[in-house]
Every structure is written in structure tokens, then in C-alpha cells.
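Asks: Taken in sequence, the protein lines are chains A and B. Going by our numbering, the first sequence opens with residue 1, and the numbers climb by one from there. Going by our numbering, the second sequence opens with residue 1, and the numbers climb by one from there.
Bear in mind the hints are in silico, worked out from the structure with no lab data behind them. Misleading hints may appear alongside valid ones.
Since copy identity is lost for identical chains, a pair holds within one copy or between any two.
Unchecked claim - With a Cα cut of at most 25 Å, we get these calculated SDA-like pairs of lysine to any residue:
(1) Lys284 x Ala256
(2) Lys204 x Pro219
(3) Lys268 x Gly283
(4) Lys31 x Arg2
(5) Lys268 x Gly28
(6) Lys268 x Arg27
(7) Lys268 x Arg258
(8) Lys268 x Glu257
(9) Lys268 x Ser301
(10) Lys72 x Met1
(11) Lys237 x Met206
Protein chains: 2
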Amino acid sequence: MRIVERILNGDKRAVARLISMIEDRNRGALKPLSELHARTGNAHIIGITGPPGSGKSTLVDRLVKSYRRQEKTVGIIAVDPTSPFTGGAILGDRIRMGDLSTDQGVFIRSMGTRGHLGGLARTTGEVAKVLDAFGMDKVIIETVGAGQSEVEIASHAQTTVIVEMPGLGDEVQTIKAGIMEIGDIFVVNKADRDGAENTELEFKAMLDLDPEKKEWEPPVLKVIATQTEGIEELREKIEDHLTFLKSSGRLERINAERTKTEFMEILKTNLTNYILERSIDKGKFDELVRQIITRQIDPYSAADELTEAFEIRAGTSNSDDKD
Amino acid sequence: MRIVERILNGDKRAVARLISMIEDRNRGALKPLSELHARTGNAHIIGITGPPGSGKSTLVDRLVKSYRRQEKTVGIIAVDPTSPFTGGAILGDRIRMGDLSTDQGVFIRSMGTRGHLGGLARTTGEVAKVLDAFGMDKVIIETVGAGQSEVEIASHAQTTVIVEMPGLGDEVQTIKAGIMEIGDIFVVNKADRDGAENTELEFKAMLDLDPEKKEWEPPVLKVIATQTEGIEELREKIEDHLTFLKSSGRLERINAERTKTEFMEILKTNLTNYILERSIDKGKFDELVRQIITRQIDPYSAADELTEAFEIRAGTSNSDDKD
Chain A
1 MRIVERILNG
11 DKRAVARLIS
21 MIEDRNRGAL
31 KPLSELHART
41 GNAHIIGITG
51 PPGSGKSTLV
61 DRLVKSYRRQ
71 EKTVGIIAVD
81 PTSPFTGGAI
91 LGDRIRMGDL
101 STDQGVFIRS
111 MGTRGHLGGL
121 ARTTGEVAKV
131 LDAFGMDKVI
141 IETVGAGQSE
151 VEIASHAQTT
161 VIVEMPGLGD
171 EVQTIKAGIM
181 EIGDIFVVNK
191 ADRDGAENTE
201 LEFKAMLDLD
211 PEKKEWEPPV
221 LKVIATQTEG
231 IEELREKIED
241 HLTFLKSSGR
251 LERINAERTK
261 TEFMEILKTN
271 LTNYILERSI
281 DKGKFDELVR
291 QIITRQIDPY
301 SAADELTEAF
311 EIRAGTSNSD
321 DKD
Chain B
1 MRIVERILNG
11 DKRAVARLIS
21 MIEDRNRGAL
31 KPLSELHART
41 GNAHIIGITG
51 PPGSGKSTLV
61 DRLVKSYRRQ
71 EKTVGIIAVD
81 PTSPFTGGAI
91 LGDRIRMGDL
101 STDQGVFIRS
111 MGTRGHLGGL
121 ARTTGEVAKV
131 LDAFGMDKVI
141 IETVGAGQSE
151 VEIASHAQTT
161 VIVEMPGLGD
171 EVQTIKAGIM
181 EIGDIFVVNK
191 ADRDGAENTE
201 LEFKAMLDLD
211 PEKKEWEPPV
221 LKVIATQTEG
231 IEELREKIED
241 HLTFLKSSGR
251 LERINAERTK
261 TEFMEILKTN
271 LTNYILERSI
281 DKGKFDELVR
291 QIITRQIDPY
301 SAADELTEAF
311 EIRAGTSNSD
321 DKD
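Between the sequences and the hints, there should be enough to build the whole structure, so can you do that?
Replies: Below, the structure written as C-alpha cells:
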């Protein structure tokens, strides 16, 4: 059976295979992704991000179990941009999710960085689409860390949860400033530790600094994930946010914007491949590289030269076709 | 006076201005960059990377002072991909380098991530070129962290120094595996702490694992940067590596490869801009976005459609020009 049919029939191994193809940037993934597009748009994409040690993994584990009790199916994409390893290699993740991984209503995948970081954001988006088409009600994108890469990866989420823990120092403040604006819900995890109130107040103070009065006021929740305290409330807040997104028309706007961005990215790759494969004069290219190295020409002027040459070539060959 | 002339006349403020333009992706930076290309290729680009807390900043400070005693000029690019702030904002860096920043033979710049991570690697490469053209003998690219982004940024260096400190746990092992292969010199900083020998042995063991017998055997150095111990040896090893690169013909090969990669990147951007600005039918683009959202078409097929449409348009308009 074809991979798309197998995925639509609920075959997890087919899902895993397609994801591996996506990670490897195997062009064979494009056709299945094309075909699955029509089946996407139903999942609620939830981003969960926070620094290492904030207890995100346990939090996600408990949240997923809470969703399962509600009979929602859940896909989990655990992204670690600092890891050169992918899924199979991160044994810890598999073990940690042990009791979930045998549940037919749950699909777990760890992703590191094969290839470029820039690529990871796109790959994550494509994997989320596969899990969406696979019929998962919720797709959780969990990112380790709290830097720019997390912000980019989180840009695929419709609801973004920022997790912190008490007692992180000044260094974190800097990071927070960068990610506060993407948070829809804030969680102070390990709330039984000293300083939980302080962290909560800091979050609230930073939210108050936002001059823009928002339709959605991001709640700050205290959670003790290891004891499953505050998890139900978190799930309810996530659902509240989805309801808000739908009723305000914002979900539609977010989806439209992202579709446009995503399409533009695909179009750029497509055009570049098309041109580089067919229309660039290889001899000319190599000659220009030589001239750049010897400083006879600079790379910007060389690129202009080749771009202009391309225009003529495309035109000429097309006229030829018509004759 | 024009910015390029001011830079070539040793005006640091002009350098700072051009770098800001590069960071802002201001297209006005392209012409100066083009013009400066002919003056590049003389600096030795040194990458220094390692996890937070490994004492990289102090190490770089001492190394720069050592180079200054040799009457070498030094440019420093301090890159922190997790920081949303750029140069001016990271006050700590400025203070830390206080006594260096008044030295005419030293130029310091901190860079965070404005915009995309993928962009940071490219921006860093361009800034290194500016400092090269500015006449710096050595350009040090210092990156915080030890993940994939550092590997990408370090790809601009000709000599890469990996800094570690004693007593980091298993988590670091995973990261090391990803970056060991890019290291030309390994430093165990804070070598007066417990566990320095262990860290040194670990480094050596990992290097021994490398099945490929290399012409250059990466040395492992013990350094106490705060006490300027081992700094002279580090500088000498860096110089040894440069000598090796030159005598083995490897420097030439590295530079040729990078020129090719860089040129390809510039060409891609150029072509994409060219096409998107002039040749794409905006009405058609918007209509396709609408159809993707309503799932009448998938983004991959839509991109193919637009790519094919472009081919015809370019051909037609070109034929018209000729008539």
C-alpha cells in the first residue's frame, strides 16, 4: 500500500517513515506531503517551550495523559536544536514516554538537527502537518531551550505555552524578554520550590509592561508537574485559548498568514532548484568562482551577472521551444 | 567621504556603521561589501566556541592581549544566538573588554539575533569580511554555546578552538559528539579545578575515536585564562595551525570551498529577489494562497504551477524585448 494510504489508515510506522524522509530532506517526501495537505487543518498545534531543567518533559507527559483521559489523540514532536541526533538516538525520550508510546492514540517523535538550523523550523512544520493529517487532535511541539531557534520553531504553534521554574537568575531575564511576546500561557513549574511567587510576579510584571492591550490576556499558572498539580487547569486554559482563537477570527488569520509564509518558502526553494538545475551555465559559474577567489570580481557583482545571464537564457530557450 | 574609503582609512565608526547595516539586512550594505571584497583574504579567521561558563570571554581577552604584544591587530565578533539583542545592548561585553576597546588595533562587536538564526551565520561571515578588509590580522569569532548554530557560525573560521571546563556532566558529552569534528585545537580552561585531567583525557579519547588519520593532530591544552596560564602556548598552537593550513595547501582549498558556498547563497537570494519582484504574477500568487488555505490545492503543486508560469512569462517578455 502507498505510504499516504497507510498513514490515513492509522499506520504509525508509515508516519515514522515519512517523517524520516522529511528529516533527510528526501525529495520523495514531497509527493506524500502534497497529497496529505487536503487532510490537514484539523489539529490544534500547541507549542511548549522553556529552558532546560524547567521540567517541560514531565509537564508534557502529564498534559498528554490529561488529554488522553478526554479521549483526545496527541502527537508530540520533541525538538532539541542543540542535539546532533534525531529520534532513534535519544533513548532517554523514548524511555521517559514509555507508557505513552504503546498508546495507539499517541505518536511521539524526537528531532535533533540533521543539517541546518534554518531547516529545522521548516522540518518541524512539515512533521506537524503529517501528524495533523494522521488525525491527531492535538500536536504538541516541545522545544528545549529558550532562544531564537525556539521562537522560530514555536511559530508553527497556534497556542504557545512558556514554562519556567523558580530561582533562575538574571541571565534568564534577557532570554525572557525575547520570548515573552510569543507566550499565550505562562507556567511556573516546580511551584512548590522557593521563589515560585517571585517568578509568578516577574511574569505578571513583564506581561503588564506590554503596552498593547490584547484581546487575550495570557494567564500565569502555577504547576507541579511531578505531582500532576495544576495540569487540568493548564489543559483547560489551552482549550480556552483555542476557543478564543476561533471565536475572534484570529485562528483563521494566523493560518492564512502562515500558509502565505510557508508557500513563499516552498516557492523560493522551487524556483532556486529549477534555475540552478536547468538554466545556470555551469562553466560560467565555475569561472566566476575562480574570479571571486582571485579577487577579480566580488560575489555580489558575480551573482548579478549570472542572474542577468539567466534572464536571457530562459528567454531564448523558451522562444526556441515555440518555433 | 564614502563609507568604504573611511573604513580603508582606519575609521572604526565607519566599520561599526557598515556592520549595523549588515545586521539590519539593509541593502545599502551590498555595495560597500562588493567594493571591500578585493581587500579581503588577508586575515586569519579564528573561531572560539564552547558552552556558557567555560570562561571563553576571559580566554579571548587574554589571547587578544597576547596577540597585541606581538603587534597583531585583532577583530572580535562575539556571537550569542540566544540573545535577541545586538552589540550596543550587551553592556557586559563592552565593560569586559574595557581596556581593549580603547586600543586602536582592536575592534570588538557583539552580535545577537536580529531576525532569523539562519541569517546569523551569513551575517557573521559578512562582518568577518569587513574586519578582514579593515586590515585586522586576526578575526576572532566567539560563539556562546555548543550547538548546531555554533557549528554553522564556526564554519567561517579557518582555525577553530573548542573550549571546555572540568566537571561538566553527561549532557555535555552529547553536545561534544557534534562539535568534536570541527575542532582544530581543544582547550580545557579552568585547569586548576578538580577533574581537569579527566576532561583532558575525555577530549583525547574522543579524538582517538576518529577513524580518519589526519594530517593535523588537534592538540589538547590546559589553560587557566584568569591567571594567563597557557595563553602563550594557545597562541602558538593557533599559529602552528595556520602554518599547517598554508603549507599543506589546505587553506586554499578551504577558502575555495567557502567562496563557492557563499557565492551560491548570494546567487540564490539574488535570483529569488529578482523573480519575486519582477516576474511573479501577484494576482495569481494571492489566488493560489487562497486555494491552499481552502485545501483545493497543496502548496507544493501550487509552487510548481507558479514556477512553470514564470518560465513562460520570462520567455515571452524577453522575446518582446528583442522584437
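Asks: Would you mind marking each hint as holding or not holding in the structure?
Replies: Hint check:
no.	hint	verdict
1	Lys284 x Ala256	between (41 Å within a copy, 16 Å between copies)
2	Lys204 x Pro219	within (9 Å within a copy, 50 Å between copies)
3	Lys268 x Gly283	both (24 Å within a copy, 17 Å between copies)
4	Lys31 x Arg2	within (11 Å within a copy, 52 Å between copies)
5	Lys268 x Gly28	both (19 Å within a copy, 23 Å between copies)
6	Lys268 x Arg27	both (16 Å within a copy, 19 Å between copies)
7	Lys268 x Arg258	both (15 Å within a copy, 22 Å between copies)
8	Lys268 x Glu257	both (17 Å within a copy, 24 Å between copies)
9	Lys268 x Ser301	both (21 Å within a copy, 13 Å between copies)
10	Lys72 x Met1	neither (27 Å within a copy, 66 Å between copies)
11	Lys237 x Met206	within (20 Å within a copy, 47 Å between copies)
When held up to the earlier numbered hints, the structure conflicts with hint 10 and nothing else.
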